[in-house]
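Student: Just so you know, the sequence shown maps onto residues 1 to 278 in UniProt numbering.
The set of hints was computed from the structure by calculation and includes no laboratory data.
Be aware that one or more of the hints could be misleading.
What the hints assert, rightly or not - Distance condition first, Cα-Cα at most 27 Å in a straight line; then the derived DSSO-like pairs of lysine-lysine:
#1 K124 to K79
#2 K230 to K240
#3 K230 to K245
#4 K121 to K77
#5 K238 to K267
#6 K266 to K225
#7 K244 to K266
#8 K212 to K256
#9 K267 to K245
#10 K230 to K267
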Amino acid sequence: MTDEQLGPMKLIFNYNDIFYSFFYDDLSGCIHRSREYAINYVYSGEMILDNGTEQIHVGKGECVFIPRDHHITMYKKTKDGERYCGIFLMFTHRFLREMYSKLEQRKVPANIPKLDSGVIKLPKTVELASLFASMTPYFDPEVKPKDDFMNLKLQEGLLALLHIDKRFAPTLFDFNEPWKIDIMEFMNENYMYEFTMEEMAHYTGRSLATFKRDFKKISDLTPEKWLIRKRLEVAYAKMKEGGKKVVDVYAEVGFKNPSHFSTAFKKQYGISPTAAFV
Numbered sequence: 001m002t003d004e005q006l007g008p009m010k011l012i013f014n015y016n017d018i019f020y021s022f023f024y025d026d027l028s029g030c031i032h033r034s035r036e037y038a039i040n041y042v043y044s045g046e047m048i049l050d051n052g053t054e055q056i057h058v059g060k061g062e063c064v065f066i067p068r069d070h071h072i073t074m075y076k077k078t079k080d081g082e083r084y085c086g087i088f089l090m091f092t093h094r095f096l097r098e099m100y101s102k103l104e105q106r107k108v109p110a111n112i113p114k115l116d117s118g119v120i121k122l123p124k125t126v127e128l129a130s131l132f133a134s135m136t137p138y139f140d141p142e143v144k145p146k147d148d149f150m151n152l153k154l155q156e157g158l159l160a161l162l163h164i165d166k167r168f169a170p171t172l173f174d175f176n177e178p179w180k181i182d183i184m185e186f187m188n189e190n191y192m193y194e195f196t197m198e199e200m201a202h203y204t205g206r207s208l209a210t211f212k213r214d215f216k217k218i219s220d221l222t223p224e225k226w227l228i229r230k231r232l233e234v235a236y237a238k239m240k241e242g243g244k245k246v247v248d249v250y251a252e253v254g255f256k257n258p259s260h261f262s263t264a265f266k267k268q269y270g271i272s273p274t275a276a277f278v
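Take these sequences, add in the hints, and give me the full structure.
Tutor: Here it is as structure tokens:
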């Protein structure tokens, strides 16, 4: 199956869970969070991964492993005059189960600890170099690969990871249900993002019904009202203590425009933000 997504400054092709991306503007950012493991190879340009506490720079010819349920912001940009082009291999739950059933037991060692839950910049191994070299012809949108061939490339990518570090096996082949993420911790870390209720449930490892039920246990507010109050509290502190203006904080805390922010602020505090800090 092939999907093509065309934005104003980017082009993305999906070949059987392998994504080829081209970015034509100087800097393009997106929020990434997926239930699937992945590796991302930078063919040209540069990618910057920001998890809120540190930035990882991935240059031409480099590759990173991205764990599932890991919330990061990706910035893809021009470097040394070359636009960003990359290959993103996604290892779905179904694919990993199929591979686990086919692998020899010796390739899945027991009593090995899992990897830490963070982005890992991978070493430049022969296996990875060979894998991505064989995939570069498909940057040409006129050249369409077969599904079975791309599935083989996913298998090669998986084996390359298993050869790099034994801890990839217990990490990738963990088929237990994911632990529920603490709701309040998630909300406090991500209040500025425009998530739907379904997305908040998904990212905290819950069904929508379970998310709503669990949220009622920790707050008298609905999730939507809690987010608005949290955004306003953070904005209030930034304006009062940091001397910032409405135009400086409204987008930073998650409001779509100054008007929406001012209306919500007045409803919460009984006074407009401009009048509150004169």
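Student: List in ascending order the numbers of the hints, as given earlier, that are violated by the structure.
Tutor: Going through the list in order, the structure violates no hint and respects every one.
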